[in-house]
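Participant: Quick note, the sequences are listed as chains L and S, same order.
The opening position of the first sequence corresponds to residue 10 in the numbering used here, with each subsequent residue numbered one higher.
The opening position of the second sequence corresponds to residue -8 in the numbering used here, with each subsequent residue numbered one higher.
Read the hints as simulated data drawn from the structure, not as lab findings.
Quantities reported herein were computed from a predicted structural model and do not represent experimental measurements.
No residue lacks a Cβ here, since even glycine has one placed at the ideal position from N, Cα and C.
Where hints are given, some of them may not hold.
Stated by the list, open to error - Ranges between beta-carbon positions, derived for each pair:
1. S227/L <-> D232/S: 19 to 27 Å
2. L180/S <-> A77/L: 49 to 57 Å
3. S127/L <-> A81/S: 50 to 58 Å
4. P26/L <-> L211/S: 25 to 33 Å
5. R(-7)/S <-> L184/L: 26 to 34 Å
6. A322/L <-> E213/S: 25 to 33 Å
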Amino acid sequence: MATILIVGEHDGSKLNPSTARCVTCASQIAGGEIHVALLGTDLGGVAPQAAALKGVTKVITVANAANAHPLAAVLAPQVAKLAAPYTHVLAPSTTFGKDLLPRVAALLGVPQVSDVMSVEGPYKFKRPTYAGNAIVTVEAPADRKLVATVRTASFEAAPDAGQASVEAATVDVALPSHTRFVSIAAAKSDRPDLQTANKVVSGGRALGSKESFQIIYSLADRMGAAVGASRAAVDAGYAPNELQVGQTGKIIAPELYVAIGISGAIQHLTGIKDARTIVAINKDPEAPIFEIADYGLVGDLFTILPELEKSLA
Amino acid sequence: MRKIMVCVKRVVDYNVRVRVKPDGSGVVTDGVKMSINPFDEIALEEALRIKERGEAAEIVAVSIGPDDAQQQLRTALAMGADRAILVKTAEVVEPLAAAQAFLALVQKENPALVILGKQAIDDDAAQTGQMLAALWDRPQATFASKVEIKGGTAVVTREIDAGLETIEVDLPAVLTTDLRLNEPRYVKLPDIMKAKKKPLDVTDLGALGVSAGEMLKVVLVEPPKARSKGVMVKDVAELVDALKKKGLV
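Go ahead and model the full structure; you've got the sequences and the hints to work with.
Facilitator: Encoded structure:
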């Protein structure tokens, strides 16, 4: 019977929605216990959020001043130690999980399955390779601990329906001081979070400048959508890096994705393939984005967008 | 600072449209253009810039793979690496085995920095750098978009989901590169000629005491489910109408 430890992602006050999606993945692995480990300084606010997720049977909190910022080198030895009684260790395939979990796997001496997109058996999973152009089914040895990151776009969030117990733990392991947090420049935004939003409006190179990119924000606000961007738009400095959607940015699965002035390179399409409905607006009728769009509109975005915004008023 | 080790992987070129073999055993690689993994090219470029600032003395490019990976190491030498090491194996090398092999090289070469791409664009695993850092028991700074060497430390800005995080790590350390760290230089013809004379050592994976062996068995490789092509609408009104019908706006 599987006993699963999920490393929960949080910012000290809010549980990251990616954790609830990991819980759904864990539930599909079947079996017994699903525990969520939370590492931080003060976890009083976050722990109840994890305990409420349907399927979670226990929340383990590890409060330690050294855990103030999620440094992989500091967290990994603690997670590796906590992992001892479990058959599976999961974390979301966000930059948090991608940074941390391979370090944990190496400490445990086991391979990692990255970006699980479906569960085919307790040790058998599908994952994307080649920017999503080749889907590989891999089987890990059942006699070893299974370490995997979960592609959050592939799983729905577990609902709030549980009441798991919360247990404080201390992990007795030496922590390194060779890695130190300096600062974070996080975009403060009232807009929905890109990774978990129901609707996303994304802009590409055709926006032409940081100033022009503002019309993407404006339309997104009108629709109550999160804002995304293509790699080209981020490289050109029209939008900040955390908005990048695609193979090397965020993989998302909103109900509605509106791609504006994005030609649709394979690497970008990888990031949006799981969206329920895709709308593409582009002046080039040959743009590859139209190959996968549910609704395509050819024309000048600077004419179309104001009109679209007005008709949504 | 002493030495920088840069890990480069031979992968199917970025611009190749990858096709899955009909028997589900893998992707077509015969006759397909192979290149240095783009993120590893960024890793090498960063090492070159650090050396050009006088903050490193030597750059060693290392790769694990078939004999043909010498081509990618020659490219690395043409870009400016001083010497290269190929760890030869015909087998598939998973990230953990790769990290073990790099660790063996690290213990021989004693670099102050090891720089790798954040992921290889073939398996998209994004594990090797972190695993090497764990086995080496040294710091890791993944997804780097800015690197400053300050004495015995590196100050690294990382691209994370929330924005940009800056951390400080003691050297030696492992860095993995993100896209916006730099733009790799183009290789010039005279550099390609010069690279032919630079040392390229070949060693066997087994000689490092590492066994490849797949721990993750590949059961099936298949193409992704295709999205069906949708419809073209003629104007904004038709678009809004369609979205309203679906309850999306």
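Participant: Return the numbers of the hints above that this structure violates; sort them in rising order.
Facilitator: 3, 6
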